[in-house]
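*Asks:* Sequence:
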Amino acid sequence: MAEAIQQLILNTLDKEGEIKDTRTLVLPGYKEPAATHDSQIIILGALNSLSSRDMIVYETHETISHVLTQEGAQIALQGSHEARVWAACPKKGEGAPITPKQLQEKVGAETAKIGQGQAFKNKWIGKEGDGFVKLVDSITDTTQLQMREVDSTGTLKAGEKALADLRKRKLIVHRKGQWFSVKKGPNFSTSTAKPETDLTVDMLTSGSWKKATYKKYNFEADGIPPNGGALHPLLKVREEIRNIFLEMGFAEMPTSSFVESGFWCFDALFVPQQHPAREVQDTFYLSDPAESLPPPKDYYERVAKVHEHGGYGSTGYRAPWSHEESRKLLLRTHTTASSASMLYKLAARCRGEEDDVEEAVKREGAHGAATVPGTGKPGPDGFRPAKLFSIDRVFRNETMDATHLAEFHQVEGVVADRNLTLADLIGFMRVFFKKMGIENIRFKPAYNPYTEPSLEIFAFHPQLKKWVEVGNSGMFRPEMLEPMGFPKDVHVHGWGISLERPTMIRYGINNIRTLVGHKVSLESVERSPAVRF
1 MAEAIQQLIL NTLDKEGEIK DTRTLVLPGY KEPAATHDSQ IIILGALNSL
51 SSRDMIVYET HETISHVLTQ EGAQIALQGS HEARVWAACP KKGEGAPITP
101 KQLQEKVGAE TAKIGQGQAF KNKWIGKEGD GFVKLVDSIT DTTQLQMREV
151 DSTGTLKAGE KALADLRKRK LIVHRKGQWF SVKKGPNFST STAKPETDLT
201 VDMLTSGSWK KATYKKYNFE ADGIPPNGGA LHPLLKVREE IRNIFLEMGF
251 AEMPTSSFVE SGFWCFDALF VPQQHPAREV QDTFYLSDPA ESLPPPKDYY
301 ERVAKVHEHG GYGSTGYRAP WSHEESRKLL LRTHTTASSA SMLYKLAARC
351 RGEEDDVEEA VKREGAHGAA TVPGTGKPGP DGFRPAKLFS IDRVFRNETM
401 DATHLAEFHQ VEGVVADRNL TLADLIGFMR VFFKKMGIEN IRFKPAYNPY
451 TEPSLEIFAF HPQLKKWVEV GNSGMFRPEM LEPMGFPKDV HVHGWGISLE
501 RPTMIRYGIN NIRTLVGHKV SLESVERSPA VRF
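Residue numbering for the sequence shown is 1 to 533, as defined by UniProt numbering.
Check before you lean on any hint, since a few could be wrong.
[Claimed, not checked] The calculated lysine-lysine pairs, modelled on DSSO-like cross-linking and capped at a C-alpha distance of 27 Å, are:
(1) K20 with K31
(2) K101 with K113
(3) K194 with K20
(4) K157 with K123
(5) K127 with K113
[What the hints assert, rightly or not] Per label pair, the in silico range of CB-to-CB distance:
(6) K211 with L44: 29 to 35 Å
(7) K444 with E71: 51 to 57 Å
(8) S524 with T213: 58 to 64 Å
(9) G437 with A230: 54 to 60 Å
(10) Q178 with K215: 50 to 56 Å
It should be emphasised that the hints constitute simulated quantities derived from the structure, not laboratory data. Quick caveat, the model's predicted, so the values are computed rather than measured. Glycine included, every Cβ here is placed at the ideal spot set by N, Cα and C.
Produce the complete structure using the sequences and hints provided.
*Replies:* Structure (structure tokens):
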């Protein structure tokens with residue numbers, strides 16, 4: 001069939017020079033011209049095959065027509081709802097009026113419901129007693145006539161207003177069609193023999209390759225996409241954020257410890273042991289092993305003392321200290337546990353101990369960080385400034401829904417230097433988010449156990465046209481820093497955002513379970529473009 005249509009097109013071009021309208025062609029096996037949509041689709045396949053060999057060139061012309069819906073086709077065959085209601089009613093004075101129940105039984109509940117009102121509006125029927133009767137002897141079923149006209153011509157002589165009314169009533173729908181005009185191409189021939197695409201052993205042996213015609217090689221054609229690996233959208237956004245940090249002079253912290261002790265996850269951060277976040281409803285605890293190894297003894301005692309009795313300008317929480325609570329092992333609820341550990345190591349020289357930060361970074365890998373955290377020379381007291389960041393997984397005992405999972409990724413940064421102020425933190429936040437393409441941001445006072453002052457960060461979402469929270473930040477409290485050994489004039493900025501939220505915004509994802517977990521579409525991962533802030 002395909003070759004026969006190709007031959008028909010070539011013969012017609014050879015005879016007439018061009019084909020002005022493919023709807024005039026009579027396809028093999030048919031008696032009528034190919035005026036239907038399906039016929040033109042068949043012709044298009046033949047045109048593409050011939051065009052790929054430069055035998056013809058063609059232009060596409062679009063048409064707009066209308067076709068009947070299922071209800072419209074029923075009206076064209078049986079008449080409109082109102083006409084069927086009229087036909088079911090007896091003439092006035094020639095029989096008992098038909099009751100609404102009888103009318104439904106005769107024409108159907110849907111037809112009775114739709115046609116009754118229109119028949120009354122047209123004054124075809126009237127009410128008599130508890131039923132209906134005809135008011136006219138004959139009617140013109142305009143709707144049926146229109147349906148038949150659309151079915152045969154694809155349009156109405158009555159014009160666009162009548163068509164719009166029928167579309168509104170869902171009796172007809174738009175249908176796009178196409179037809180083609182065809183001319184001879186540079187390699188025009190009436191022969192449909194396909195050129196060779198490969199040089200075979202048999203052709204070389206027999207010598208037939210000398211007389212064969214060959215298909216022109218298209219050097220600009222796209223190859224078949226390889227089914228190789230693809231980066232998940234989270235990894236793409238993670239790498240983009242990581243590059244922003246590295247560009248701003250940060251070093252990446254080692255955060256491979258998914259399991260932490262209650263001491264580093266909460267106590268070292270001055271989170272009270274009675275805080276709701278430490279309940280089993282919010283945190284995953286380990287049962288085997290259930291307890292951690294002891295932290296550095298002197299530091300542990302200083303932390304316990306500031307919690308229970310106060311110190312460093314603080315009154316503490318005035319609550320009994322529990323060694324068992326501090327030794328519990330858990331899945332970390334935030335990467336700030338790793339930040340606390342790194343800050344403790346950073347303060348080693350201030351305590352008069354050997355600085356092991358550089359060794360920790362080298363030993364634990366820091367996800368490929370090329371520099372050590374210290375970004376300045378040590379002062380007389382051993383302190384040196386540092387800018388650190390991490391992007392890693394955290395775990396919380398959440399109820400899973402469209403925006404929450406039991407595990408997610410936290411993007412965190414800390415800056416340690418002398419005499420830092422809240423203004424420095426706000427200025428840094430503005431620069432960081434600007435590099436992410438977010439310039440319109442606001443700050444709102446908030447409370448965190450380990451930062452004071454604390455700020456929530458909001459950005460204006462142009463699509464949602466409202467302010468949405470994008471992060472949390474603050475300055476670490478003296479009760480957290482000074483027990484580590486930092487001098488009083490050393491301040492530390494700490495802040496963080498989730499990785500999933502910006503990824504969902506960037507890729508238009510409204511359900512986090514389609515981004516992470518068993519509902520992720522591998523096809524969508526392959527198609528997702530690289531992100532650019």
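*Asks:* Now tell me, hint by hint, if it's right for this structure.
*Replies:* Here's how the hints hold up against the structure:
1. Only pairs whose Cα atoms come within 27 Å are accepted, and K20 paired with K31 is accepted, the gap being roughly 20 Å.
2. Restraint check for K101 and K113: satisfied, since their Cα atoms lie roughly 11 Å apart, inside the 27 Å limit.
3. Between the alpha carbons of K194 and K20 the distance comes to roughly 26 Å, so the proposed pair stays at or under 27 Å and holds.
4. Taking the CA atoms of K157 and K123, the gap is about 25 Å. The hint holds against a cut of 27 Å.
5. Distance restraint check for K127 and K113: the Cα-Cα separation of roughly 15 Å lies within the 27 Å cut-off, and the hinted pair is therefore satisfied.
6. Distance hint for K211 and L44: a CB-CB separation of about 32 Å, consistent with the stated range 29 to 35 Å.
7. At roughly 56 Å, the beta-carbon separation of K444 and E71 lies within the given 51 to 57 Å, and the hint holds.
8. Evaluation of the 58 to 64 Å hint for S524 and T213 yields a failure: the beta carbon distance comes to about 44 Å.
9. The beta-carbon spacing between G437 and A230, approximately 24 Å, falls outside the hinted interval of 54 to 60 Å.
10. The supplied range of 50 to 56 Å is broken by Q178 and K215, whose beta-carbon atoms lie about 27 Å from each other.
Checked against the numbered hints given earlier, this structure breaks hints 8, 9, 10; the rest are met.
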